[in-house]
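Chains A and B are the protein sequences, given in the same order.
Sequence positions in the first sequence follow our numbering and run 1 to 379.
Sequence positions in the second sequence follow our numbering and run 380 to 829.
It is possible that some hints are incorrect.
What the hints assert, rightly or not - Simulated pairs of lysine-lysine, BS3-like, Cα-Cα distance not exceeding 30 Å:
#, chain 1, residue 1, chain 2, residue 2
1, A, K307, B, K553
2, B, K423, A, K370
3, A, K179, A, K235
4, B, K758, A, K324
5, A, K354, B, K739
6, A, K307, A, K324
7, B, K821, B, K734
8, B, K734, A, K318
9, B, K734, A, K344
10, A, K235, A, K52
11, A, K370, A, K48
These aren't lab readings, by the way, just hints derived from the structure by calculation.
Take a look at the letters that make up each chain.
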Amino acid sequence: MFSGFKHSLSTLSVCILCLLIPYSCTDTEEPDCCEEMPSFENTPFDRKALLKSWADDIIIPSFERYVKSLTVLNDRATDLTNDPSMASLENLRESWLDAYSSWQSVSMFDIGMAETIGLRNFTNIFPTDVDKINETLNRDSYNLGLPSNFVVQGFPALDYLLFAFTGEELMQNKLVNTKYTDYISTLTERLLMLSSDVLSDWKSSYRDEFIRNDASSATGSVDKLVNDALFYYEKFLRAGKIGIPAGVFSGTPISDAVEAPFSKIYSKQLFLAGLGHFKNFLNGELTNGTISDTHLGTYLDAVNAEKDGTALITLMNKQLDEAKLLGERLSDNFQDQVETDNIKMLQTYDELQKAVVLLKVDMLQALNIKVDFVDADGD
Amino acid sequence: MKNSLIKYYKSNTEAAPLAAFRILFGILMLISTIRFWYHGWIEKLYINPIFHFKYYGFDFIKVPGTYTYLLFIAVAICCVFISLGYMYRISMTLFFVLFTYIELMDKTTYLNHYYFVSVLSFLLIFLPANAYFSLDAKRNPSLSFQYIPRWTGDSIKFLLFIVYFYAGLAKLNKDWLLEALPLKIWLPSKFSVPILGDYMHYEWVHYLFSWSGAIYDLTIVFFLIYKRTRPYAFILVVIFHVLTRVLFDIGMFPYIMIMATLIFFDATIHKKILKYISVIIGTKVSLFDNQRTFKFSKPVIEKITVGIICLFMLFQIIFPFRHLSYPGNLYWTEQGYRFSWRVMLMEKTGYAQFKIVDSKTGKRFYVDNRDFLSSFQEKQMSTQADFILEYGQYLGNHFTSQGHENIQVFVESFVSLNGRGSTEFINPETDLMSLNVNLKHKTWILPLDE
Chain A
1 MFSGFKHSLS TLSVCILCLL IPYSCTDTEE PDCCEEMPSF ENTPFDRKAL LKSWADDIII
61 PSFERYVKSL TVLNDRATDL TNDPSMASLE NLRESWLDAY SSWQSVSMFD IGMAETIGLR
121 NFTNIFPTDV DKINETLNRD SYNLGLPSNF VVQGFPALDY LLFAFTGEEL MQNKLVNTKY
181 TDYISTLTER LLMLSSDVLS DWKSSYRDEF IRNDASSATG SVDKLVNDAL FYYEKFLRAG
241 KIGIPAGVFS GTPISDAVEA PFSKIYSKQL FLAGLGHFKN FLNGELTNGT ISDTHLGTYL
301 DAVNAEKDGT ALITLMNKQL DEAKLLGERL SDNFQDQVET DNIKMLQTYD ELQKAVVLLK
361 VDMLQALNIK VDFVDADGD
Chain B
380 MKNSLIKYYK SNTEAAPLAA FRILFGILML ISTIRFWYHG WIEKLYINPI FHFKYYGFDF
440 IKVPGTYTYL LFIAVAICCV FISLGYMYRI SMTLFFVLFT YIELMDKTTY LNHYYFVSVL
500 SFLLIFLPAN AYFSLDAKRN PSLSFQYIPR WTGDSIKFLL FIVYFYAGLA KLNKDWLLEA
560 LPLKIWLPSK FSVPILGDYM HYEWVHYLFS WSGAIYDLTI VFFLIYKRTR PYAFILVVIF
620 HVLTRVLFDI GMFPYIMIMA TLIFFDATIH KKILKYISVI IGTKVSLFDN QRTFKFSKPV
680 IEKITVGIIC LFMLFQIIFP FRHLSYPGNL YWTEQGYRFS WRVMLMEKTG YAQFKIVDSK
740 TGKRFYVDNR DFLSSFQEKQ MSTQADFILE YGQYLGNHFT SQGHENIQVF VESFVSLNGR
800 GSTEFINPET DLMSLNVNLK HKTWILPLDE
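I would like the entire structure built from these sequences, with the hints used as guidance.
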């Protein structure tokens, strides 16, 4: 009787002792391994392999392409400074579009150093502030690291600097001003520097940290990246590119709030690029057209995620295709679209919205991923 | 029958178990309070949000800004006093009031275990937990008693019985027993737990955990009451709660329950616990072994105390069944869900988008919930109808005060319950501004097709 109690008392104290020390075994137990696990029926889904594929097949290659496109952009900006000709302007504009499109493939990966330094804030906050740009570029010194200066840099600012005026106007009035060309170079250089830092961080240390952290918790890499991607989809793709200009959150359309309003004809292209990259991420589709062995689709299938008898990933793809279909029917110039026929914008928004429910309700529940960092207790 | 009841009522027992309970309760609550602060939750859950969800009838409870820290400091001081048994009645009453006040500030943070603490601390106000091994008893020997009425400690046991047994009853449903839900959703993601992690994806494990959990909840108190099974039952208690601690983020709850079940043991063990403590603080336990038996100071006080406790127990027995007065699936509507020991019964994920409409012009726009709610609030709001109504009306009033006119508020909401797939939750045609906040059946919740 007594020994039974004593025994349980010691069990209790040992257990409590163990638990009060936050158990984190990832560092000690997990050598940077990888022996192939024997595969047999009903094995748990291998989250490490998923993270490895995300890092090695998708995120790092996407950042590599993006950094490459920025290198070209930056070189062309130097060319323009050295030789302000029509030809070099055209080259620069072209590389701007190329880099901007490439940005759409990495924007959702707001994790690691990208998150710490706030890469997205320095890259693509729009609408840009034209008056402030003109004021800033004429100053002798300015600090682009300030949050108040999000709106005078990145692709939206370059959109203004390179496209708000015709080539001739630029040649005659703007590019003759060295401050103007210097500012362009400063912006392209900054984009290149920031993203190079992020890329080299991924390559040097963050990749391993990212893959190692395969726990299923709010701070685990899978949960974090999925949350990041969904946040991107909801806030920057659905709201930023379509919803806000269409007036979904204000009641009145705000045509100036479209992405790349000065170049006019690229807003649809950029939206479709973003949507495409998001869908590719879900489906593990790589830029060379091959499909990764492991991705959110296979994860969802592994936990038998379905709705009304159809696989959830199929439903999500269908819904994203539906949104893409309506998006493709929009004018190349969203500003035009909003001003002439906003209904089509709203319809596209509705289709994007339907996918949010599948992503945030069905997918998150199926994978038992908690929304954001709600680190309070449950019961 | 009546005689044996009177005999039981008049019987006495050692005061040591209740005293040990008091001390451990105070310590655990102190740790709990510090932990809450340490995690930054005071700021994050109470001070930062601009809007707070109120319990029905408790709208007047406000978050006192940065003074919220003072509330927690006061609670912590109460905990120390309770452990010491110093001005016990006052500090216990104050603890109950302040702790409950904190819980009432925002129902987003509702947890059964916080409710348990409120309920338990209310009960403790009326029990002579300071009669033994307390500063009160040491300073004033007339308050020092070696024996107290048996029913005082038993009332805690009865409360524990209600908590466990009702939690077990709630598990007797189709999802839990026949589908092993929601454990089937939760457990596979716990693969990184040492040793056990390798088994978490097996379906039989989900069923094993579901069934053994239900059986445990329904029977554990009986095994704790019966002397011969008690030590083994206690080992089970420890294993069960440690397991839940390892698998789920449930904070202090496991420790509170492990501590609370110690009350089932008899005095010899508690005296040992007290002896360990007495070594640390240097007050001899034997000092309190004075052969005196606790008596209420006046018969009328005894009557009132016993009356309150009886009413309290009756309330605890009946209140959890109030859901029977509402139609529909309890897990879907959550009408009468809280305060009923329904623990870990469902996984709900939701999404709610609010549409503000000018009924005259038809002009409309959607709200970004992040402008008004913390991510935790948004998560809780999107699956619970009373939250949706309260928030919807707040939005309506907010935009009206901003100069918008003829405001109507509609919600487009989808909820997935235990893996059923997203289903429309609230009637999107219902103008939330036209509804009254009350406890009547919410007809604007769309029924769940099963």
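To see whether the hints hold, each was checked on the structure:
1. A:K307 with B:K553: holds (19 Å)
2. B:K423 with A:K370: Between B:K423 and A:K370 the Cα gap is close to 17 Å, so the pair holds against 30 Å.
3. A:K179 with A:K235: violated (35 Å)
4. B:K758 with A:K324: The hint holds at about 29 Å.
5. A:K354 with B:K739: Holds, at roughly 28 Å.
6. A:K307 with A:K324: holds (22 Å)
7. B:K821 with B:K734: At roughly 20 Å apart (the allowed maximum being 30 Å), B:K734 and B:K821 satisfy the hint.
8. B:K734 with A:K318: Within the cut-off at roughly 26 Å; holds.
9. B:K734 with A:K344: holds (19 Å)
10. A:K235 with A:K52: Given that 30 Å is the threshold and the Cα spacing comes to 27 Å, the pair holds.
11. A:K370 with A:K48: holds (19 Å)
Comparing the model with each earlier hint shows a violation of hint 3 alone; every other hint is respected.
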